[in-house]
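Based on the provided sequences and hints, a complete structural model is requested.
Going by the numbering used here, the residue at position 121 of the sequence shown is 141; the numbering climbs one at a time, nothing skipped.
If you're looking for bench data, these hints aren't it; they were derived computationally from the structure.
All residues carry an ideal CB built from backbone N, CA and C; glycine is no exception.
A hint or two may mislead.
As the list claims (entries may be wrong) - Taking lysine-lysine and the DSS-like style, the derived pairs with C-alpha atoms no more than 25 Å apart in a straight line are:
| hint | residue 1 | residue 2 |
| --- | --- | --- |
| 1 | Lys218 | Lys246 |
| 2 | Lys259 | Lys70 |
| 3 | Lys115 | Lys246 |
| 4 | Lys246 | Lys70 |
| 5 | Lys70 | Lys85 |
As the list claims (entries may be wrong) - Each pair of labels, with its calculated beta carbon distance range:
| hint | residue 1 | residue 2 | range |
| --- | --- | --- | --- |
| 6 | Glu69 | Ala230 | 22 to 30 Å |
| 7 | Ala46 | Gly176 | 52 to 60 Å |
| 8 | Ala94 | Arg220 | 48 to 56 Å |
| 9 | Thr178 | Glu67 | 22 to 30 Å |
| 10 | Lys259 | Thr105 | 14 to 22 Å |
| 11 | Asp140 | Gly217 | 31 to 39 Å |
| 12 | Ala249 | Phe122 | 12 to 20 Å |
| 13 | Gly93 | Asp141 | 21 to 29 Å |
| 14 | Arg220 | Ser79 | 19 to 27 Å |
| 15 | Ala108 | Glu221 | 30 to 38 Å |
| 16 | Asp140 | Ala249 | 46 to 54 Å |
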Amino acid sequence: MTAMTAHRFAPLALSLLAAFATGAHADEVSVAVAANFTAPMQKIAAEFEKDSGHKAVLSFGATGKFYAQISNGAPFGILLAADDTTPAKLAEEGKGVAASRFTYAIGQLVLWSKQTGYVDDKGAVLKTGDYRHIAIANPKLAPYGLAAMETLKHLGLTDAVTPKIVQGENIGQTYQFAASGNAQLGFVALSQVMEDGKLREGSAWIVPSAMHEPIRQDAILLSSAKGNAAATALMEYLKGDKARAIIQSYGYAF
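Here it is as structure tokens:
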């Protein structure tokens, strides 16, 4: 090989070496994700893998159940909770890294029906509608369920509506009850029915935030993942412009 040929191949060799090095340091992290954040996190995880080479393995469910699983040694590296109290509790108990905790999104509760025109823009359907069932997530496990019950209390409708409640284990199951028509109404997360700033189908009333406690959704790095490069990278990625744009497109605030 001539000196000229060797010179031409040098950049290629360096590129291959860099690619190999990136792959060799790629890592994987198991992430417990609140059910309301399913759609945006799926998009974020895909972009994160493309941009970093690391992989996020996602599990979706109720924050309360994830807390129990983590307390019992479940091998999650990150918790993306539907509240701020669960990550704080994990930090206090030494199961989470306190300094890593931050609010990655502020959730929005919405009263939704699959039927177009059924839900009015003031939520009066709760008083006047002919609905037989309304889906609400278990308030003991899911912060969106707790916010729904706080909303009913604020409106003075707890006693009237409670007999019609069908309870979902988490906000994902709650949405399925409403989307299937088994419940004519559902208190769900705006992110489940909105994409790119638009309602995908049906009709909805966005519940004013003054009617319930803020749904601050915190992320925390779990103590078992302190040395995991993918976990550290993902926590930072969630704060970046690309992730935040995706989060906002599903109706969340910061």
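- Query: Where does the structure disagree with the numbered hints, that is, which hint numbers, in rising order?
  - Reply: Of the numbered hints, 1, 5, 6, 8, 9, 11 and 13 do not hold.
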